[in-house]
Amino acid sequence: MSQHPLAYVHPQAQIGANVTIEPFTTIHNDVVIGEGSWIGPNVTIFDGARIGKNVRIFPGAVISAVPQDLKFKGEQTTVEIGDGTTIRECVTINRGTIDKYKTVVGTNCLIMAYVHIGHDCLVGNFCILGNSVQLAGHVEVDDYVIFGGACAVQQFSKVGAHAYIGGGSLVRKDVPPFTKAAREPLSYAGINSVGLRRRGYTNERINEIQEIYRLIYLRGLNNSEALDKIELELPVSRERDEIVNFIRTSTRGIMKGYA
0 MSQHPLAYVH PQAQIGANVT IEPFTTIHND VVIGEGSWIG PNVTIFDGAR IGKNVRIFPG
60 AVISAVPQDL KFKGEQTTVE IGDGTTIREC VTINRGTIDK YKTVVGTNCL IMAYVHIGHD
120 CLVGNFCILG NSVQLAGHVE VDDYVIFGGA CAVQQFSKVG AHAYIGGGSL VRKDVPPFTK
180 AAREPLSYAG INSVGLRRRG YTNERINEIQ EIYRLIYLRG LNNSEALDKI ELELPVSRER
240 DEIVNFIRTS TRGIMKGYA
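Reminder that position 42 of the sequence shown reads as 41 in numbering that gives the first Met the number 0, one-by-one numbering, no gaps.
Take these hints with a grain of salt, some might be off.
Unchecked claim - Computed cross-link-like contacts, EDC-like style, restricted to lysine to aspartate or glutamate with a CA-CA straight-line distance of at most 20 Å:
#  : residue 1 : residue 2
1  : Lys101    : Glu74
2  : Lys172    : Glu183
3  : Lys255    : Glu241
4  : Lys228    : Glu210
5  : Lys255    : Glu183
6  : Lys99     : Asp29
7  : Lys228    : Asp240
8  : Lys101    : Glu79
9  : Lys179    : Glu203
10 : Lys255    : Glu224
11 : Lys179    : Glu210
12 : Lys179    : Glu238
13 : Lys172    : Glu139
14 : Lys101    : Asp68
15 : Lys52     : Asp29
16 : Lys101    : Asp46
17 : Lys99     : Glu74
18 : Lys52     : Asp82
19 : Lys101    : Glu139
20 : Lys101    : Asp82
21 : Lys101    : Asp142
22 : Lys70     : Asp98
23 : Lys52     : Glu21
24 : Lys255    : Asp227
25 : Lys99     : Glu79
26 : Lys255    : Glu210
27 : Lys99     : Asp46
28 : Lys228    : Glu207
29 : Lys228    : Glu238
30 : Lys179    : Glu139
31 : Lys172    : Asp142
32 : Lys228    : Glu241
33 : Lys99     : Asp142
34 : Lys70     : Asp46
35 : Lys99     : Glu139
36 : Lys72     : Asp98
Stated by the list, open to error - Label-pair distances were calculated between CB atoms; the ranges are:
#  : residue 1 : residue 2 : range
37 : Arg198    : Glu232    : 24 to 30 Å
38 : Leu169    : Arg213    : 21 to 27 Å
39 : Gly256    : Pro58     : 41 to 47 Å
40 : Glu232    : Pro58     : 51 to 57 Å
Simulated from the structure, these hints should not be mistaken for lab results.
Values in this document were obtained by computation on a predicted structure and should not be read as measured data.
Glycine included, each C-beta is placed from N, C-alpha and C at the ideal position.
Throw the hints in and build the complete structure from the sequences for me.
The following block contains the structure:
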């Protein structure tokens, strides 16, 4: 470990090999930091932080502060940050409450400056949160989701894998997987074909996903009718079942179609 003399690290914190800790950073007692991570200057890491390997945390970030939740009674909870994730300037990630007992950011994510991730959020792997994205408590974000800057996500919302949320969006409803979401109120804006191609999806698979969402959003059917038709008429696939299960289990309801 390389610790600058002007940094404070509690003697019981568990710091891995080849970790660099820059000046004016404070690391509390019940903290674990994996090998190869870089903790920049003026970072504060409170009790309950579980930080993986090769994580980079930039100046001004505050990790594992107590939840901004009046129901919080001091229960022992954590923030878990996966390997290879980058957390930029002034990000705040609050630890969990009695609901999930943890807040999670997955592996290889990019969390840009001024993002807030509230208590009990579950953010998947390979996600990108643009500058000033705000996640309220209990938000669930699946893998490979991208948020444009200045999005605000209401508590208990869910965002499916491979979705793209346009900058400045207000997310009050669940966003199904593979879609693009934009406008106000938030609406379906097609599928995230660019992102899917970058991740190796073939044109055939992309066309199958498009056909599913045509039935959901463009044929004048309600959600129950559309899902029944999808299961009856379209071939079984992992993507089909993922979309159907996401919508059937949504408690907030999904975003609307084209205005």
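Going down the list of hints, with the structure as the test:
Annotation: proposed proximity of Lys101 to Glu74 holds, straight-line Cα distance about 11 Å (limit 20 Å). As the CA atoms of Lys172 and Glu183 are separated by approximately 12 Å, the hinted pair is consistent with the 20 Å bound. The straight-line distance between the Cα atoms of Lys255 and Glu241 is roughly 19 Å, inside the 20 Å bound, and the hint therefore holds. Between Lys228 and Glu210, the direct Cα distance comes to roughly 12 Å. Compliance with the 20 Å bound is thereby established for this hinted pair.
Between Lys255 and Glu183 the CA atoms are separated by roughly 10 Å; this keeps the pair inside 20 Å, and the hint holds. A distance of roughly 19 Å separates the Cα atoms of Lys99 and Asp29; the hinted pair therefore holds under the 20 Å criterion. For the proposed pair Lys228 and Asp240, the alpha carbon gap of about 13 Å is at most 20 Å, so the pair holds. A distance of roughly 7 Å separates the Cα atoms of Lys101 and Glu79; the hinted pair therefore holds under the 20 Å criterion.
Under the criterion of a C-alpha separation no larger than 20 Å, the hint pairing Lys179 with Glu203 is consistent with the structure, at around 19 Å. With a CA separation close to 15 Å, the supplied pair Lys255 and Glu224 stays within the 20 Å bound. Restraint check for Lys179 and Glu210: the C-alpha separation of about 15 Å stays at or below 20 Å, so the hint holds. Taken as a hint, the Lys179 and Glu238 pair is honoured in the structure, with Cα atoms around 16 Å apart against an allowance of 20 Å.
Among the hinted pairs, Lys172 with Glu139 is consistent with the structure: their alpha-carbon atoms are about 12 Å apart, no more than 20 Å. Between Lys101 and Asp68, the direct Cα distance comes to roughly 14 Å. Compliance with the 20 Å bound is thereby established for this hinted pair. The suggested pairing of Lys52 with Asp29 holds, with an alpha-carbon distance near 17 Å, which does not exceed 20 Å. Between Lys101 and Asp46 the alpha-carbon distance is near 12 Å, which keeps this suggested pair within the 20 Å criterion.
As the CA atoms of Lys99 and Glu74 are separated by approximately 11 Å, the hinted pair is consistent with the 20 Å bound. A hinted pair counts as satisfied when its Cα atoms are at most 20 Å apart, and Lys52 with Asp82 qualifies at roughly 5 Å. Among the hinted pairs, Lys101 with Glu139 is consistent with the structure: their alpha-carbon atoms are about 12 Å apart, no more than 20 Å. For the given pair, Lys101 sits about 17 Å from Asp82 by alpha-carbon distance, which is consistent with the 20 Å threshold.
Proposed proximity of Lys101 and Asp142 is supported: the alpha carbons are some 18 Å apart, at most 20 Å. The hinted pair formed by Lys70 and Asp98 meets the criterion: a straight-line CA distance of about 10 Å does not exceed 20 Å. Proposed proximity of Lys52 and Glu21 is supported: the alpha carbons are some 17 Å apart, at most 20 Å. For the hint pairing Lys255 with Asp227, the CA-to-CA distance comes to about 19 Å; that is within 20 Å, so the pair holds.
A distance of roughly 12 Å separates the Cα atoms of Lys99 and Glu79; the hinted pair therefore holds under the 20 Å criterion. Between Lys255 and Glu210, the direct Cα distance comes to roughly 17 Å. Compliance with the 20 Å bound is thereby established for this hinted pair. This hinted pair checks out: Lys99 and Asp46 have alpha carbons roughly 17 Å apart, not beyond 20 Å. For the hint linking Lys228 to Glu207, the alpha-carbon distance of about 14 Å falls within 20 Å, and the restraint holds.
For the hint pairing Lys228 with Glu238, the CA-to-CA distance comes to about 16 Å; that is within 20 Å, so the pair holds. For the hint linking Lys179 to Glu139, the alpha-carbon distance of about 17 Å falls within 20 Å, and the restraint holds. The straight-line distance between the Cα atoms of Lys172 and Asp142 is roughly 18 Å, inside the 20 Å bound, and the hint therefore holds. Proposed proximity of Lys228 and Glu241 is supported: the alpha carbons are some 15 Å apart, at most 20 Å.
At most 20 Å may separate the alpha-carbon atoms for a hinted pair to count; Lys99 and Asp142 meet this at roughly 19 Å. Taken as a hint, the Lys70 and Asp46 pair is honoured in the structure, with Cα atoms around 19 Å apart against an allowance of 20 Å. For the hint linking Lys99 to Glu139, the alpha-carbon distance of about 12 Å falls within 20 Å, and the restraint holds. Restraint check for Lys72 and Asp98: the C-alpha separation of about 12 Å stays at or below 20 Å, so the hint holds.
Roughly 27 Å separates the CB atoms of Arg198 and Glu232, a value that falls within the hinted 24 to 30 Å. A hinted range of 21 to 27 Å holds for the C-beta pair Leu169 and Arg213, which are about 26 Å apart. About 43 Å separates the C-beta atoms of Gly256 and Pro58, a value consistent with the hinted range of 41 to 47 Å. Checked against the given bound of 51 to 57 Å, the beta carbons of Glu232 and Pro58, roughly 54 Å apart, stay inside it.
When each numbered hint is compared with the structure, no violation occurs for any of them.
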